[in-house]
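S.K.: Produce the complete structure using the sequences and hints provided.
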Amino acid sequence: MQAERLAQRAVEAQLAVAIDVTFPAPPPRAGSLHPLRRTLEDACGYFERRGFAVLLGPEIETEYNSFDGLNIPADHPAREGLDSMYVGPGLLLRPHTSPMQIRAMRANPPPLAVVTPGKAYRRDAVDARHSYMFHQIEGLLVAPGIHMGHLKGMLTGMCRELFGANQSVRFRPSFFPFTEPSAEVDTTCPGCAGRGVRDNAQTCRTCGGSGWIELGGSGMVHPNVLRDAGYDPEHVTGWAFGVGIERIAMVRHDIDDIRVFFENDPVVLAQLA
Amino acid sequence: MKLPIAWLRDYVDLALSTDEIAERLAVLGFPVEEIVRRPKLSGVKIGRLESVAKHPNADRLLVCQVDVGPGERLTIATGADNVAEGQIVPVATIGAELAGLSIGPRSMRGIASQGMLCSPDELGLEPGWFDDGILQLEQGLPVGADFVETFHLNDDVLDVEITSNRVDAMCVLGIARELAASLGLVLREPDSSIPAIDEALCDARVTIESPDCKRFVAQRFSGARVATAPFWMRVRLALAGQRPIDNLVDISNFVMLETAQPLHLYDFEKLAGGHLIARDAREGEVLRTLDGEERILDPRFLVIADEREPQGIAGLKGGVASEVSSQTRELLLESATFTGARIRRMSVALGLRTEASTRHEKGLPPALAVVAAARAAKLLHEQGARAGPAVATGEPLESRAPIGLGEADVRALLGVDVSAAAIERALQGLGFEVRRANEQAASGQQTSRSFAVTPPYWRGDVRIREDLVEEIARIVGYDTIPAEPPPVFPQHIASTAYDDERRTAQALLTLGYREAVNFSLQPASVAEVYASAGIAPRARPVEVRNPLSEDQRYLRFSLVPAMLAWAARYESAEALRLFEIGHVFEQGSEQPFETAMCAWMLVRPRPDEPPFRDSGFLEFKGDSLAVLRVVSGRDAQACSATHPELHPGKTASLLLDGVDAATIGAVDPRLIAAYGIRNAVYVALARMNDLPSYHMPRYTAPSKYPAIARDLALIVAPEIPAMDVEHAVRAGAEGVLAAVRVFDEYRGPQIEDGKKSVAVRVVLQRADRTLTDAEADTHVAAILESLRERVGAAIRR
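Sequence order for the protein chains is A and B.
The first sequence: position 197 = 197 (my numbering), numbered continuously.
Convert by adding 1000 to the 1-based position in the second sequence; the result is the number in my numbering.
These aren't lab readings, by the way, just hints derived from the structure by calculation.
Don't take each hint at face value.
Stated by the list, open to error - The calculated label-pair distances, taken between Cβ atoms and stated as ranges, are:
{"#": "1", "chain 1": "B", "residue 1": "1112", "chain 2": "A", "residue 2": "209", "range": "38 to 48 Å"}
{"#": "2", "chain 1": "A", "residue 1": "49", "chain 2": "B", "residue 2": "1693", "range": "22 to 32 Å"}
{"#": "3", "chain 1": "A", "residue 1": "232", "chain 2": "B", "residue 2": "1487", "range": "15 to 25 Å"}
{"#": "4", "chain 1": "B", "residue 1": "1293", "chain 2": "A", "residue 2": "232", "range": "49 to 59 Å"}
{"#": "5", "chain 1": "B", "residue 1": "1353", "chain 2": "A", "residue 2": "30", "range": "51 to 61 Å"}
{"#": "6", "chain 1": "A", "residue 1": "259", "chain 2": "B", "residue 2": "1699", "range": "49 to 59 Å"}
{"#": "7", "chain 1": "B", "residue 1": "1699", "chain 2": "A", "residue 2": "26", "range": "35 to 45 Å"}
{"#": "8", "chain 1": "A", "residue 1": "30", "chain 2": "B", "residue 2": "1355", "range": "53 to 63 Å"}
{"#": "9", "chain 1": "A", "residue 1": "127", "chain 2": "B", "residue 2": "1209", "range": "30 to 40 Å"}
{"#": "10", "chain 1": "A", "residue 1": "165", "chain 2": "B", "residue 2": "1187", "range": "42 to 52 Å"}
Where is the CB? At the ideal position from N, CA and C, for every residue including glycine.
M.R.: Set out below in structure tokens:
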């Protein structure tokens, strides 16, 4: 009896103790992916689950793969927007990830479904909105019966994966020598749900009030590009797109200065983990 | 391109608001970068100054009687000094709203002024581009009419982006055509009819000596005098961003902005031989261009010369020698087409871009030259000039073959059905000629119509079926394209490199490493810091031939410098862990090449410990082995190694089944010092292409029987590595060894000079039965014997 009471009292004494559960925990040893890789993996993941392979490629490219093979011959005005840095005769830092379209088609017969993320470079100064080095994801689907509706479908799915279930995608006519028809790709601005104003009635600073954000370029692969890569444009059609990762990650994390990504401030890396 | 909506209205009746027009243009592929909102003016009339007299009470004021329509006469005092009887001027009446001010009745030194004569800036016009003082209008305008409505002055201006393939849309008429097609409206072509051509006015000659001048339309004019252009033309030019100069210059600019065809007017009497020659410049030829620059030319440049010397650089800039002046009576008009690429190269070589060159370099259609000349002739005729016949020299005009297009092609590319009627309507609206080919039965009962489509001369960009489909899509609207999932196709392309990056990044993040992305370009100073620290970078760096700045001159040869700079910047009392996966570059003998690398780094304060021990290294080694374990499914072995960026005595290779998977070590102290880092820094480097493949780990049943652990204290020579001690233990305990681990090392008092003490834990266990103490003793004795034989170890007493 006595022993039982003592045991009972001991239990009660244990239960009577209370600690301060709000006392800060010691910091865990936590690692993280860079926000650009996170966005890149989320985008690639969407395509991987739908049967696309992910290919990486070189950052030093030939002029042929960067321009001529993409239906941009020398002196073509479209080269103007692709101001490049050269590292040797006919060799440059790729100004877009589009050369991977050529590499992928040369190495594999159709049907072909690939996304190719990576760095690209343009001869540009670094400021809040520009960086000479940036990341893109290029997507390419070539097979019989592929049309532009499939492009819109996949880009809509990607945007929903990246920004949320209510995203829609808008195409606007544009010009890229390696696609025809060509389209600029916009998606609903997640900063204001497409309304152009934020909840505080201020103009949305993410989209500048338009309700849309620009993601990149896209279109049906030009028959010349298919032919040059050894595909027969009478038997297959395909689409390609290229979107900027920095822009997407900036919108997702509400970042207004692209340099944040390349400073690697440990406080910020922890914040965005 | 600045596009005044007022000007668009000359060709198409738009019933849309500014924002609706901007939206429609975006849908057509011409995004509006900026809407320049015009001040909303009202109450301004066209007036005629009936009389101008001195103000009775003020020397600097004038009092005008102004006719502003039948029976309406206003008394207006003004301080302007450019007014005179008979002038036609804009008059703001009482209640008028101007740019930034409202007009009310007011008394000026005792005279009740019933309005105001307007200056250009009060009307929202660029002040320096029009008359100083009161804006002067030409005679013949309807006195009393609403000034703002007459000239659509309240219409906004759109700044439109034109893609480089659409030179035909780099003009007001081109955009008007697009809007008309999209809205189903009628396009009013500008009037180019003149009553009579003076056939005798044909004393000019043109010779084309270069294939890069495709077509040259020349036309003589006589009798025009330099004057101020009519206000409707001046205001259109000004709103489009072009400063009005005089009637003749303005006409050539007006026609360029209207039709996209640049024109040039020469003072014909200054042209030697009355002869223009399109030819390559000769080495060293000099031309003073209209901007006052002296240009020294060479054969890269295409010039328009007379029989003596160049009179202009083709497509770029005219020359001063034959410039039209107030003395000019005889004119020669040039409307020419050049090879776009040649003009572009010339523009780059001169560092000169003009409104003309931005159009020429995109390749203007040769058939446009004569159309633009006719339009200029009409406008010059209105300025009193007699026109000679337009004479075209150069290649014959291309006659374009029709492009075949099937209804099914549209569906195949867009994924949406567009009816044959809608296809026809879309293309015809844009000026394409569409003929229906025979109807053919396609699959099933459906019939697919096909067409033969001939693009208009101005659409050189449309060459193939796919181009036509884009035109149709623009007019029916890209928003009709559905969003559909594509079919899934089997394919067998491996994502190896990407998967390797992912699992490496995943392993590092699990161990507490944060990922960084650093710039690939760096200044020369990075290699200089290495050199000054006595570190020879392994590779010759790759140099960018055309860097924008010195900071972007070299491609990085290693991931380490940026990580060290980061360590210096964010150094603290806490341990920091960072990794990066990226390419490094090196200049080979033939060409540059690149290697995908992964680097990870630990930065931590140095503990107080003897020099033979580096606990930071061991911690980092533990992390690194764990990374390789996750990546490969196997345990790596460390062995001593060297690397140029690492401490020669604190570097190891991590081997997986004998293959080098990573190099790890403490960073060379000279580099640490060069970067001003106080903490200890450890770095691992792995080539992504050599990353070990993953081996699925195999199962071994754990023993059910108890294990016996023994700690051995040994004395060995200091150069004996722990790995050798462990090997010796293994060799002596075949079949019963569950684990062996060297867990301490000591040098100093109590240990004889030239020796070190190591402590080893040995765990013995059998898989089939319980091991007795006596058996364990026997095994330990065998282990000690092996240790003595293999590494000369003695038991520490």
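S.K.: Hints first: check each against the structure and report whether it holds.
M.R.: Status of each hint after checking the structure:
no.: 1; hint: B:1112 <-> A:209: 38 to 48 Å; in the structure: holds (47 Å)
no.: 2; hint: A:49 <-> B:1693: 22 to 32 Å; in the structure: holds (24 Å)
no.: 3; hint: A:232 <-> B:1487: 15 to 25 Å; in the structure: holds (19 Å)
no.: 4; hint: B:1293 <-> A:232: 49 to 59 Å; in the structure: holds (53 Å)
no.: 5; hint: B:1353 <-> A:30: 51 to 61 Å; in the structure: holds (53 Å)
no.: 6; hint: A:259 <-> B:1699: 49 to 59 Å; in the structure: holds (50 Å)
no.: 7; hint: B:1699 <-> A:26: 35 to 45 Å; in the structure: holds (36 Å)
no.: 8; hint: A:30 <-> B:1355: 53 to 63 Å; in the structure: holds (58 Å)
no.: 9; hint: A:127 <-> B:1209: 30 to 40 Å; in the structure: violated (47 Å)
no.: 10; hint: A:165 <-> B:1187: 42 to 52 Å; in the structure: holds (44 Å)
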